[in-house]
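Visitor: Go ahead and model the full structure; you've got the sequences and the hints to work with.
Same order as they appear, the protein sequences are chains A and B. Here the first sequence is numbered in our numbering, starting from 1 and rising by one per residue. Here the second sequence is numbered in our numbering, starting from 1 and rising by one per residue.
I should point out that these hints are in silico values taken from the structure, not numbers from a laboratory. It is possible that some hints are incorrect.
Derived lysine-lysine pairs resembling DSS-like cross-links, with alpha carbons at most 25 angstroms apart [unchecked claim]:
(1) A:10 x B:96
(2) A:89 x A:6
(3) B:96 x A:89
(4) A:104 x B:96
(5) A:24 x A:104
(6) A:13 x B:96
(7) A:104 x A:89
(8) A:6 x A:30
(9) A:89 x A:13
(10) B:96 x A:39
(11) A:30 x A:89
(12) A:89 x A:10
(13) B:96 x B:124
(14) A:6 x A:104
(15) A:104 x A:13
Partial list, computed: chain A residues near chain B (C-beta under 8 angstroms) [as the list claims (entries may be wrong)]:
(16) 7
(17) 9
(18) 76
(19) 78
Cβ atoms here follow ideal geometry from the backbone N, Cα and C, with glycine treated the same way.
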Amino acid sequence: MASGVKPRVKVPKTAAAGSSITIKTLISHKMESGRRKDKEGNVIPRSIINRFTCDFNGQNVIDVAMEPAISTNPFFQFDATVPEAGEFKFTWYDDDGDVYEATKSVAIA
Amino acid sequence: MELTRRNALVVGAGAFAATFLPFQAYAAADEAIAAFTGGADVGTDGITLISPEIAENGNTVPVSVDAPGAVSILLLAAGNPEPGVALANFGPLATKQSVGMRIRLAGTQDVIAIAKMADGSFVKTSNAIKVTIGGCGG
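Guide: Right, here's the structure in full:
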């Protein structure tokens, strides 16, 4: 399930040094729980994103381990400190080994 | 009915079963809590779980957990086939130890959030969410 996966991230373009900003992330993914059945009654195998991390200039902000109980198109909202200008790096790890990445740079206002 | 030894045993067994039945569904969640806390005492102050009282669609229920000073937050849905929802670990740049996400709920149930604080203590809170349409499929 590596088709049509598109990460979307909302980060302010500028922030005051040391201030806190709110980050919202969403990635399109089916998040097949492994409990649904198709028309023939066969179980659809599990296929989810099992981990999400956010780093700023190499320093960790949040690291979430995800279970099948996370909704389709996983959405996360959290707050991060911006000590200096730099780049947020968002990484999603799929069950099938795929890694999806997104980056956003923040300037100091 | 005379209270013979046999009758006393029957009544006792019935009472025993009645006490334990309602908790059976939550046994898996309790195990997950024990695995996370290692059996340590769990307090109740300093953690907030924001969730809707009634969720019309169990496929996407928005919840957010706020636990100032936490290093990690474990979210459990006690009534789901698998209770685990997510484990969030906060790094040095997380300003507020809070996270919002959308989760699946199989039916009306309690959602439990447990936070591990920086000093190694644990706090827990839980909210009941009524779910109109469950979100686990088949």
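Visitor: Hint by hint, say whether it matches the structure.
Guide: For each hint, the structure was consulted:
{"no.": "1", "hint": "A:10 x B:96", "in the structure": "17 angstroms, holds"}
{"no.": "2", "hint": "A:89 x A:6", "in the structure": "15 angstroms, holds"}
{"no.": "3", "hint": "B:96 x A:89", "in the structure": "19 angstroms, holds"}
{"no.": "4", "hint": "A:104 x B:96", "in the structure": "20 angstroms, holds"}
{"no.": "5", "hint": "A:24 x A:104", "in the structure": "12 angstroms, holds"}
{"no.": "6", "hint": "A:13 x B:96", "in the structure": "20 angstroms, holds"}
{"no.": "7", "hint": "A:104 x A:89", "in the structure": "7 angstroms, holds"}
{"no.": "8", "hint": "A:6 x A:30", "in the structure": "11 angstroms, holds"}
{"no.": "9", "hint": "A:89 x A:13", "in the structure": "14 angstroms, holds"}
{"no.": "10", "hint": "B:96 x A:39", "in the structure": "45 angstroms, violated"}
{"no.": "11", "hint": "A:30 x A:89", "in the structure": "22 angstroms, holds"}
{"no.": "12", "hint": "A:89 x A:10", "in the structure": "12 angstroms, holds"}
{"no.": "13", "hint": "B:96 x B:124", "in the structure": "18 angstroms, holds"}
{"no.": "14", "hint": "A:6 x A:104", "in the structure": "15 angstroms, holds"}
{"no.": "15", "hint": "A:104 x A:13", "in the structure": "8 angstroms, holds"}
{"no.": "16", "hint": "7", "in the structure": "15 angstroms, violated"}
{"no.": "17", "hint": "9", "in the structure": "14 angstroms, violated"}
{"no.": "18", "hint": "76", "in the structure": "5 angstroms, holds"}
{"no.": "19", "hint": "78", "in the structure": "5 angstroms, holds"}
Violated hints, in rising order: 10, 16 and 17; the structure is consistent with all others.
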